[in-house]
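Student: Spelled out from the first residue to the last, the chains are:
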Amino acid sequence: MPVVLSCLLVALALLLVWQRLRVVQLGYVLSTGAKLERRLEQTNRELKLEMATLTAPERLEAMARRRLGLRDPETGQVVRLP
Amino acid sequence: MTKTRPQGPSANLRFRLRLTGGLLLALLLAVALRAIQLQAFDGARLARLGERQHLQEQIFVPKRGTILTRNGDALAISVESKSVYVRPRRVKSPKKLVPAVARALKLKPRDVRRKVTSDKPFVWLKRQVTPREAQRIRALKLEGVGLYHEPKRYYPQGHLAGQALGLVGRDAQGLEGVERSYDRHIRGKPRSSVVERDALGRRVLVTGMDDLKIRPGADVRLTLDTTLQHLAEKHLEATVNRYRAKGGTVVMVDPFTGAILALASYPFFNPNQFRNQDRERWRVRAITDTYEPGSVFKAVFAAAAFEEQVVGREDLIFCEFGRYRYGGRTIHDFKEYGWLSFAKVLQHSSNIGVVKVAHKLGKERYHRYIRRFGFGDKTGVDLPGEVAGKVRPHHAWYGIDLAAASFGQSVAVTPLQMVMAFSAIANGGLLMKPFIVDRVVDEDGRVLLQNLPEMVRRVVSRATARTVADILKGVVAEGGTGTRAALAGFETAGKTGTSQKADRVKGGYSKTKRVASFVGFVPASEPRFVLLTLVDEPTVNVYGGVVAAPLFRRIAAPALHALGVTPSRRLLPEVPSGKDGGVIRVSGKAPRQRESARGGRPSLIGLSMREAVNKAKQHRFSVVLRGHGYVVDQRFDGAGGRLVLTLKD
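Protein chains in written order, with the numbering used here: chain A, 2 to 83; chain B, 2 to 650.
By construction, these hints were calculated from the structure, which means they are not laboratory data.
Certain hints may be false.
Claimed, not checked - Have a look at the derived ranges for each label pair, beta carbon to beta carbon:
id	chain 1	residue 1	chain 2	residue 2	range
1	A	ARG81	B	ARG216	35 to 45 Å
2	B	PHE319	A	ASP73	42 to 52 Å
3	B	GLN136	A	ARG39	17 to 27 Å
4	A	TYR29	B	VAL388	54 to 64 Å
5	B	LEU29	A	GLN43	49 to 59 Å
Ideal placement from N, C-alpha and C gives every residue a C-beta, glycine not left out.
When you get a sec, could you build the whole thing from the sequences and use the hints?
Tutor: In structure tokens form, the structure reads like this:
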């Protein structure tokens with residue numbers, strides 16, 4: 002009886018240790034993931050910033066006029082389709 | 002173990018007890034000595050080692066939320082950037098470090114030395130360095146010098162809506178504009194927490210996932226429209242320069258909701274470089290500056306007069322041929338008029354005609370309407386720094402004051418108040434509360450706050466508002482003062498104004514300084530926006546009808562296209578049909594093509610208009626298009642070197 006009991010105790014202790022280890026290990030996995038998330042989020046923001054800079058109306062208008070030779074439409078030149 | 006009887010301690014046992022006791026004591030002593038050694042002699046060094054390896058107190062500054070236009074274009078966005086700090090206590094040899102750091106960051110060695118030898122535990126060497134500077138610092142691998150990640154605010158559209166956006170201080174606090182009024186939402190919650198790291202420097206989670214996430218501040222979506230804002234700024238700048246004015250303001254509002262669609266002040270303000278710019282430029286002039294509106298105010302007066310039924314639109318008023326004494330002063334008109342209907346009085350902007358009706362209305366009643374239209378009160382717009390303007394109480398109106406107020410002098414209003422009053426006329430009599438933020442949305446897309454249209458009060462009846470709007474159409478029509486604001490294809494209503502500026506030095510009014518303005522809405526019967534254009538101290542010409550009215554047209558015409566409002570065919574000038582009807586000429590330099598036309602003529606039949614024009618351009622033909630749809634016939638006009646295409650749907 003005492004042998005079984007102490008065996009059980011040891012097993013429980015080992016389980017506890019194993020559990021703690023898993024927690025720490027998973028913590029590392031999570032923090033690596035979080036780091037990646039942060040980096041991707043940062044990239045995303047940088048890209049958004051770049052997009053906003055590139056699509057600034059002032060820039061687009063200048064390009065449309067200079068490169069494509071577009072002009073403001075005259076009265077009646079705009080036809081709106083239903 | 003053998004059992005001993007507890008019969009008085011034998012010599013042997015006593016010896017063994019002493020031995021054990023002595024041994025334990027010696028061990029204890031050894032532990033104590035070691036403790037003293039660690040604590041007293043090596044303490045500082047070990048603590049430093051441990052702290053670096055294990056516990057780090059970090060302050061997390063969340064990134065500020067993004068500010069977007071209603072179209073979803075980012076106006077302000079925070080991106081992580083790096084700052085360089087030094088922990089002076091960790092620096093071993095300042096002599097070697099100072100010149101290296103100074104070179105890497107382009108700082109004066111003297112300043113670096115002062116910071117490195119300071120007795121503080123943590124000192125910034127340089128905030129928000131460029132990626133290259135960060136790279137150089139990293140390459141130096143100096144003990145005690147490190148990089149700290151902190152967010153930096155960018156305004157990718159430059160000066161677009163700069164004043165309305167405001168600016169942000171170095172520690173990510175909103176200082177002006179929307180950045181300030183919504184700082185609570187945009188900023189997010191900064192927090193500091195102790196981060197535990199293991200021997201390898203990896204992060205150990207102390208309380209779980211929650212530790213990892215620094216939630217950025219919430220995003221703010223404005224009511225401003227990218228295109229409309231751009232149009233407003235572009236044309237405002239051109240007009241201010243053309244008339245060599247001091248500045249100008251444009252405000253565009255949706256009259257039915259009170260949403261601000263465009264809000265521009267010139268000179269512009271670029272929040273990216275606010276440190277290099279005059280503080281004067283930060284202000285949102287449409288709410289922080291007042292002006293005397295001049296004749297534009299006659300629209301407000303007319304609404305009051307109609308609502309109180311002291312005049313009908315066709316009632317005739319004698320305009321005294323341009324000179325009239327009232328309240329001890331002589332009032333002049335721009336031109337000499339005899340009998341005019343009240344509608345014509347407004348159309349020609351006769352001061353005398355208005356003053357006569359004002360006398361009938363009386364100062365008490367008129368004052369009440371001025372206040373009901375919102376003048377003298379803040380509009381309650383969600384931007385900081387708004388002023389209420391100045392409307393003196395009616396019992397303090399003497400002599401000329403009633404007359405002056407009827408044509409918009411002696412009252413000080415903000416441009417936004419003026420726009421909101423006109424919105425009430427445009428929308429059938431309701432004074433709305435203006436707003437510039439549509440909603441605040443957190444990172445997960447949850448709406449934290451939404452501004453809904455809010456009515457302040459009914460100012461005049463629907464019928465009165467209709468009548469005034471109708472008369473204001475006359476101002477822009479043939480014979481009115483605002484004809485240059487007229488838009489082809491749309492019924493436009495509005496009022497011009499030219500006012501003298503109060504002379505703050507001498508008192509009274511300045512002889513030369515004027516404010517030219519125009520406020521109008523379009524299409525008159527179903528307005529999509531109310532637009533105010535104001536030019537401050539123009540010099541080439543000072544009249545609202547000449548300076549501000551064309552600016553209205555220049556902004557309003559493309560704005561209506563952008564909003565997708567179809568012009569009424571009835572109002573469009575007749576397009577000549579027949580021979581040259583609907584001809585679109587495409588010319589200009591065609592891009593150089595490698596596979597240039599090998600002498601042959603391309604067949605364009607069956608192509609859509611766009612494809613055909615593209616292809617023709619590739620072959621360096623200029624094109625004349627007849628009709629629209631798909632190409633059904635092509636003809637080469639050898640003489641002009643042109644390709645004539647007939648298109649059909």
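Student: Hints first: check each against the structure and report whether it holds.
Tutor: So, going through the hints one by one against the coordinates:
For ARG81 (chain A) and ARG216 (chain B), the hinted distance range of 35 to 45 Å is satisfied, since their beta carbons lie about 44 Å from each other. Against the hinted window of 42 to 52 Å, the Cβ-Cβ separation of PHE319 (chain B) and ASP73 (chain A) comes to about 46 Å, which satisfies the hint. For GLN136 (chain B) paired with ARG39 (chain A), a C-beta distance near 20 Å keeps the hint of 17 to 27 Å intact. Judged by the Cβ atoms, the range 54 to 64 Å given for TYR29 (chain A) and VAL388 (chain B) holds: they are separated by roughly 57 Å.
Range check, LEU29 (chain B) to GLN43 (chain A): Cβ separation about 55 Å, and the 49 to 59 Å hint holds.
Hint check: no violations occur; every hint is consistent with the structure.
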